[in-house]
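Number of protein chains: 2
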Amino acid sequence: MQKFAETQYKLHDLLKARWSPRAYSSQPIPTEDLLSLFEAARWSASGGNGQPWSFIVVSQENTELRQKLVDAMSGNNKVWANNAPVLVLAVAKVDLEQPARNKFAYYDVGQAVAHLSIQASAVGLFVHQMAGFDPQAIRQAFAIPDGYEPMTLMTIGYFGNVNDLPEPLRERELAPRTRKPISEFVFSNAWQEPLALPEISEAAAD
Amino acid sequence: MQKFAETQYKLHDLLKARWSPRAYSSQPIPTEDLLSLFEAARWSASGGNGQPWSFIVVSQENTELRQKLVDAMSGNNKVWANNAPVLVLAVAKVDLEQPARNKFAYYDVGQAVAHLSIQASAVGLFVHQMAGFDPQAIRQAFAIPDGYEPMTLMTIGYFGNVNDLPEPLRERELAPRTRKPISEFVFSNAWQEPLALPEISEAAAD
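Here the protein sequences come in this chain order: G and R.
So the working numbering is basically just the index in the first sequence, starting at one, shifted up by 354.
So the working numbering is basically just the index in the second sequence, starting at one, shifted up by 354.
It is possible that some hints are incorrect.
It does not matter which identical chain is meant; a pair holds if it fits inside one copy or across any two.
As the list claims (entries may be wrong) - Here are the simulated lysine-lysine pairs, BS3-like style, with alpha carbons at most 27 Å apart:
hint : residue 1 : residue 2
1    : K422      : K432
2    : K422      : K364
3    : K364      : K432
4    : K447      : K370
5    : K364      : K447
6    : K357      : K370
7    : K422      : K370
8    : K447      : K534
9    : K534      : K422
10   : K447      : K422
11   : K534      : K364
12   : K357      : K422
By construction, these hints were calculated from the structure, which means they are not laboratory data.
Only a predicted model underlies this, so the values are computations on that prediction, with no experimental measurement involved.
Kindly generate the complete structure, drawing on both the sequences and the hints.
Take a look at the structure:
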């Protein structure tokens, strides 16, 4: 199922096609395609090229660990997430001595996961990130040491059958994707000053 | 100048082509291309679709504000960053009452900037993010209110002439891009357990 973004301005198809479904097929993922997602994360930007990201992959065959992850998930995630052939935990490397600096680690892990999601789009896969889980239970399930923090757990796989989802998840899956208009979050020169690009418009009209 | 990522596995060209240069041309950016970058950020994923990102655009004509930004930058950023036709500040919406929750705001702003950077790659533009600046001076220059945090200042423009950069920046610009190998940051089932994808490999071989 395609749910292309309804854009105000042009946007590359790879980015238009990326969305976060809940209806996953159990179809396995070819290894080379899965590895291409981590290659994408690998080449993401980071402060001082610090690359503060790690990923832990759990395939569907590890039923014992899968059950621990489902138990740690919040609310509706328990219902749909385990259908995906691959679950991946994104982990941030943090500085326990200087916690104020960790905002950039979180930011960089977000960038790496975005790269991963966009490469997924390039090979027909979909990623759905979840922050709704018990972080202590997840830390324990994966034996994450101090100095590292579980950030998001994500499902990776092919789109399945929307009718396999119970309501209200099925209805939500079919609803259009929505975002704030650009005028609400892009400004010129100062906070809340409306975007104005006169010089650039003239140049474009040349 | 192209600096394609030297990948271990396949990777979409848009992602391969993205890198963070310092040698910018002063060539103006067509408005429709610049807007496409914010469209890309707009359609990024975020926790509960909260979209905790904002952007403030400063074109080269606003010399007074540009000077304040250069004054607030650290080290070498002062030398090269002001040559880019567009500077953009990425801002995170934070919760002052529950600071522990802000890690996801930082993460989501990182995702949005990654989307922006990849769309830049689609229209021949390059983004270089900087965290090296005095956050208080930047907050003041843009009149950012409480409840919002400056995250990164980024340059956006076309690649210029590497010989315009002083040493050691010129040499750094010409050096190959480097990253950790995938085996150092992608694991299976538990922290530091080597990646093994047997079931998936078999499926791929079908």
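So, going through the hints one by one against the coordinates:
1. For the homomeric pair K422 and K432, the shortest alpha-carbon distance inside one copy (11 Å) is at most 27 Å, but the shortest distance between copies (50 Å) is not.
2. With identical chains, the CA atoms of K422 and K364 are never at most 27 Å apart, being 43 Å at best within one copy and 32 Å at best between copies.
3. In this assembly of identical chains, the alpha carbons of K364 and K432 never lie at most 27 Å apart, being 36 Å within a copy and 33 Å across copies at closest.
4. Taking CA atoms no more than 27 Å apart as the test, K447 paired with K370 passes between copies only; the shortest distance there is 24 Å, against 30 Å inside one copy.
5. For the homomeric pair K364 and K447, the shortest alpha-carbon distance between copies (26 Å) is at most 27 Å, but the shortest distance inside one copy (35 Å) is not.
6. Proximity of K357 and K370 under a CA criterion of 27 Å is satisfied in both settings, with 8 Å inside one chain copy and 25 Å between copies.
7. In this assembly of identical chains, K422 and K370 lie within 27 Å of each other by CA distance neither inside one copy nor across copies; the values are 34 Å within and 36 Å between.
8. Taking identical chains as interchangeable, the C-alpha atoms of K447 and K534 lie at most 27 Å apart only when they sit on different chains, with a minimum of 14 Å there against 31 Å within one chain.
9. Proximity of K534 to K422 under the C-alpha cut-off of 27 Å is found in neither arrangement, the shortest distances being 36 Å within a copy and 30 Å between copies.
10. When the C-alpha separation of K447 and K422 is checked against a cutoff of 27 Å, the pair qualifies only within one copy, where the shortest distance is 23 Å, while the shortest distance between copies is 33 Å.
11. In the homo-oligomer, the alpha carbons of K534 and K364 lie at most 27 Å apart inside one protomer (16 Å), although the nearest pairing across protomers, at 34 Å, exceeds that limit.
12. For the identical chains of this complex, K357 and K422 are neighbours neither inside a copy (32 Å) nor across copies (43 Å), given an alpha-carbon limit of 27 Å.
Checked against the numbered hints above, the structure breaks hints 2, 3, 7, 9 and 12 and satisfies the rest.
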